[in-house]
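**Q** Chains C and R, in that order, give the protein sequences. For the first sequence, the numbering used here assigns the number 1 to the initial residue and increments by one for each residue that follows. For the second sequence, the numbering used here assigns the number 282 to the initial residue and increments by one for each residue that follows.
Treat the hints as calculated values from the structure; they're not laboratory data. Please note: incorrect hints may appear among the correct ones.
Just so you have them, the derived chain C footprint on chain R, three or more residues with Cβ under 8 Å [claimed, not checked]: (1) 582-593; (2) 648-661.
Partial list, derived from the structure: chain C residues whose beta carbon lies under 10 Å from chain R [as the list claims (entries may be wrong)]: (3) Ser123; (4) Ala132; (5) Phe142; (6) Leu143; (7) Pro147; (8) Ser175; (9) Asp187; (10) Thr207; (11) Asp223; (12) Gly234; (13) Lys246; (14) Phe249.
For each residue, glycine too, the CB sits at the ideal point set by N, CA and C.
Now for the letters of each chain:
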Amino acid sequence: MSTRAPILGRFRYGYVAPAALLVAGLLYVPFLWTAYLSFTKYDGLAPPEWVGLRNFGKLLDDPALLTALGNTLIWVVGTMALPVGLGLLVAVLSYDLKGGVWYRVPFMLPYALSGAGLAMVWSPILSHDGIANILLGVDTAFLQKAPHNTIAMLLVWTWQQLGVNTLLFVVGLQSIPKAPIEAARIDGASGWTLFRHVIWPLMAPLTAVVVGLALVASLKTFDIVWVLTQGGPGRNSETLAVTMYKDTFVASDYGYGASVAVMLTVVTGLASFLYLRRQVR
Amino acid sequence: MIRSRVVTLGVAALFLAACGGNTEAPQKKSELSLYNDKGAWSKYFDEMGALSKQQISLGMKPVGYTDSAQYQAFIKASFRTNVKPDLFTWQTGGMLEEIVKQKQVADTSAIWQEAIKAGDLSQDLAPYYTVDGKQYCVPMNVAYWGMFYNKKVFDKYGLQPPTTWDELVKAAETLKKNNVKAFYHTSVLFSFVWFEQLMAGMDPDLYDRLSTGKAKYTDPGVVQVMEKWKQLIDAGYFINPGDKTDPGDVLKNGKAAMVSFGTWFNTSMTQRDLKAGTDYGFFAIPNVNASLPKTSMIFESGPLCSLTKAADPEAGQKYLKWWTTQPAQDKWATTRGDVSANPKVTIKDEALGQVTKDAGGGKYRLVNRYFEATPPPILTAALDGFSKFVTEPGTYKEVLETIQKAADEYWSTHQ
Numbered sequence: 001m002s003t004r005a006p007i008l009g010r011f012r013y014g015y016v017a018p019a020a021l022l023v024a025g026l027l028y029v030p031f032l033w034t035a036y037l038s039f040t041k042y043d044g045l046a047p048p049e050w051v052g053l054r055n056f057g058k059l060l061d062d063p064a065l066l067t068a069l070g071n072t073l074i075w076v077v078g079t080m081a082l083p084v085g086l087g088l089l090v091a092v093l094s095y096d097l098k099g100g101v102w103y104r105v106p107f108m109l110p111y112a113l114s115g116a117g118l119a120m121v122w123s124p125i126l127s128h129d130g131i132a133n134i135l136l137g138v139d140t141a142f143l144q145k146a147p148h149n150t151i152a153m154l155l156v157w158t159w160q161q162l163g164v165n166t167l168l169f170v171v172g173l174q175s176i177p178k179a180p181i182e183a184a185r186i187d188g189a190s191g192w193t194l195f196r197h198v199i200w201p202l203m204a205p206l207t208a209v210v211v212g213l214a215l216v217a218s219l220k221t222f223d224i225v226w227v228l229t230q231g232g233p234g235r236n237s238e239t240l241a242v243t244m245y246k247d248t249f250v251a252s253d254y255g256y257g258a259s260v261a262v263m264l265t266v267v268t269g270l271a272s273f274l275y276l277r278r279q280v281r
Numbered sequence: 282m283i284r285s286r287v288v289t290l291g292v293a294a295l296f297l298a299a300c301g302g303n304t305e306a307p308q309k310k311s312e313l314s315l316y317n318d319k320g321a322w323s324k325y326f327d328e329m330g331a332l333s334k335q336q337i338s339l340g341m342k343p344v345g346y347t348d349s350a351q352y353q354a355f356i357k358a359s360f361r362t363n364v365k366p367d368l369f370t371w372q373t374g375g376m377l378e379e380i381v382k383q384k385q386v387a388d389t390s391a392i393w394q395e396a397i398k399a400g401d402l403s404q405d406l407a408p409y410y411t412v413d414g415k416q417y418c419v420p421m422n423v424a425y426w427g428m429f430y431n432k433k434v435f436d437k438y439g440l441q442p443p444t445t446w447d448e449l450v451k452a453a454e455t456l457k458k459n460n461v462k463a464f465y466h467t468s469v470l471f472s473f474v475w476f477e478q479l480m481a482g483m484d485p486d487l488y489d490r491l492s493t494g495k496a497k498y499t500d501p502g503v504v505q506v507m508e509k510w511k512q513l514i515d516a517g518y519f520i521n522p523g524d525k526t527d528p529g530d531v532l533k534n535g536k537a538a539m540v541s542f543g544t545w546f547n548t549s550m551t552q553r554d555l556k557a558g559t560d561y562g563f564f565a566i567p568n569v570n571a572s573l574p575k576t577s578m579i580f581e582s583g584p585l586c587s588l589t590k591a592a593d594p595e596a597g598q599k600y601l602k603w604w605t606t607q608p609a610q611d612k613w614a615t616t617r618g619d620v621s622a623n624p625k626v627t628i629k630d631e632a633l634g635q636v637t638k639d640a641g642g643g644k645y646r647l648v649n650r651y652f653e654a655t656p657p658p659i660l661t662a663a664l665d666g667f668s669k670f671v672t673e674p675g676t677y678k679e680v681l682e683t684i685q686k687a688a689d690e691y692w693s694t695h696q
């Protein structure tokens with residue numbers, strides 16, 4: 001130990017430098033640059049012009065942002081209820097079934113698709129002249145009216161995400177020590193009581209990870225919405241991430257777009273922090 | 282410790298050198314890259330590249346984007362980096378002014394003067410390309426907007442291309458009675474089409490004042506336009522705005538009997554092997570207001586530009602000059618079945634040839650397309666607003682107020 005420390009000490013900055021420079025160059029610098037832009041008026045061409053808190057003041061008075069916040073909330077709550085909640089249900093119902101793995105495989109397959117690919121697959125199904133309307137024999141504008149369009153996209157998201165959440169929960173269930181469960185069964189616990197008071201608390205560390213990941217993923221929902229509705233019609237299916245993209249690259253209002261980005265970062269950071277703090281405690 | 286710091290500094294220096302400025306002298310290029318947001322036209326750009334290589338020993342390769350926001354962000358970013366396109370397509374109006382102000386777009390005044398003298402470009406087109414008295418870029422294309430119609434559907438129900446607004450509505454009514462949707466419209470991007478058409482056909486002066494901030498979206502004339510548009514939607518003449526079928530297929534399949542677009546839409550017909558005069562036709566949309574002295578026709582022209590700081594700016598200028606000539610424009614118009622900015626080019630399609638001739642002869646009042654006529658921040662709000670309106674026509678007043686809010690904000694600093 002006494003001989004290794006000085007060697008590591010002599011080169012430690014050298015070892016870390018490439019990675020540190022990459023992280024700084026690709027993460028910290030763009031982040032700080034975006035934070036700076038949020039205080040400017042910038043069209044992507046002329047030099048940014050300092051405007052102080054004006055962009056943040058505009059955020060408070062922007063109805064599109066309010067819609068985006070509402071839709072993002074639907075995405076967060078919906079993600080907890082559907083891909084996560086149903087994932088848990090499928091895992092609990094199938095994990096000790098004989099051949100349960102075959103039951104879970106179909107849920108896993110859609111996970112192979114990227115977000116944009118997923119939306120491309122569902123676009124002809126959900127569009128007004130699409131397959132869903134034909135099969136159901138109805139004339140519903142799945143992607144036109146709010147909040148139906150957000151809910152329809154949430155169901156598509158569930159179709160894709162259910163499998164991976166199920167898989168994570170199954171891993172969690174399989175890693176639970178058998179002894180406490182057996183002890184509880186001997187004491188007469190079964191069904192819901194066994195799950196609620198024994199299995200669920202034992203799974204807490206893994207649930208924290210699954211919910212935490214789903215929380216962040218739902219807060220930054222972008223690709224599926226962008227491909228299916230582009231946040232419209234009007235701006236009625238925008239999420240915060242779509243609003244950020246549209247304000248920045250479609251409206252070329254880079255300063256305002258950056259202020260939405262900063263807000264999204266704060267919301268995501270705060271939600272993750274509060275959630276994880278509660279879990280760790 | 283000193284050695285480790287030296288290593289760190291060395292790595293940092295290498296990293297910075299990799300990201301650093303390019304101080305190379307201009308190079309001579311034999312093939313130029315043409316960045317564009319017309320990904321579907323790659324085949325036609327390739328053919329132009331082959332022809333230019335043959336005629337001026339300068340090839341061209343298209344780099345096509347399909348997402349215009351992504352494309353514009355790339356072009357804007359190129360102004361600040363060394364990755365600059367040799368040639369690129371853009372938009373006239375506010376968007377052109379915006380990039381010209383950066384003093385990197387190559388001045389093409391000499392090309393314009395020469396081309397006008399040679400009869401390759403019309404003087405009437407120059408204002409669209411003029412910023413502070415100088416010309417920038419050359420016309421990549423020009424387009425007149427009118428109505429493409431499915432001739433087989435028209436023949437089936439005994440319809441003729443209308444010459445008055447009443448005849449157009451009557452045709453729509455006949456189609457409706459036979460369970461055929463008359464018109465195409467969409468909630469994505471081209472949501473402005475019927476707004477500009479109705480504005481131009483009801484009060485083109487108001488349209489011009491609106492685009493220069495001298496009128497408001499909440500003015501009674503604009504409200505009337507929205508009410509007229511709503512009437513047409515409520516009457517059931519339009520297909521669903523959320524229909525994602527390509528408009529070319531919509532017309533081909535008779536899902537809607539009429540599709541209003543610029544003459545460039547003829548390329549979609551060519552791509553589908555449809556024959557003008559047999560499968561489809563084109564007519565100028567009559568004014569709603571019959572007392573206007575001339576039929577209003579929406580006009581657009583898209584620029585092809587080069588940058589002064591591109592790798593080989595001379596080659597860029599040479600290419601733009603060639604682009605305006607008759608041999609180049611003959612090919613560009615013929616392969617796509619479109620009209621041309623060069624008046625010497627003979628347009629093969631009879632209806633499009635006639636409209637070009639009539640427009641050149643002053644038969645129409647040419648109205649700048651909404652996309653170019655409207656400053657970008659107002660346009661963004663308007664596209665979202667019209668997208669909302671076509672889905673929920675009852676919201677027209679709220680939509681106009683939202684657009685006016687964006688207009689107020691813009692004109693408060695740009696008058």
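**Q** The structure should be examined with respect to each hint, and the outcome stated for every one.
**A** Structure-based check of each hint:
1. 582-593: violated (count 0)
2. 648-661: holds (count 3)
3. Ser123: holds (6 Å)
4. Ala132: Violated, because the Cβ-Cβ distance from alanine 132 of chain C to chain R comes to roughly 12 Å (cut-off 10 Å).
5. Phe142: Holds, because the Cβ-Cβ distance from phenylalanine 142 of chain C to chain R comes to roughly 8 Å (cut-off 10 Å).
6. Leu143: With a minimum Cβ separation of about 6 Å from chain R (threshold 10 Å), the hint on leucine 143 of chain C holds.
7. Pro147: Violated: closest Cβ of chain R sits about 14 Å from proline 147 of chain C, beyond 10 Å.
8. Ser175: This interface hint is violated because 42 Å lies over the 10 Å limit.
9. Asp187: Violated, about 58 Å.
10. Thr207: Check failed: Cβ of threonine 207 of chain C comes no nearer than 38 Å to chain R, outside 10 Å.
11. Asp223: violated (12 Å)
12. Gly234: holds (3 Å)
13. Lys246: Where the cut-off is 10 Å and the nearest Cβ of chain R is about 8 Å from lysine 246 of chain C, the hint holds.
14. Phe249: At 4 Å from the nearest chain R Cβ, phenylalanine 249 of chain C passes the 10 Å test, so the hint holds.
Taken one by one, the earlier hints fail for this structure at numbers 1, 4, 7, 8, 9, 10, 11, listed in ascending order.
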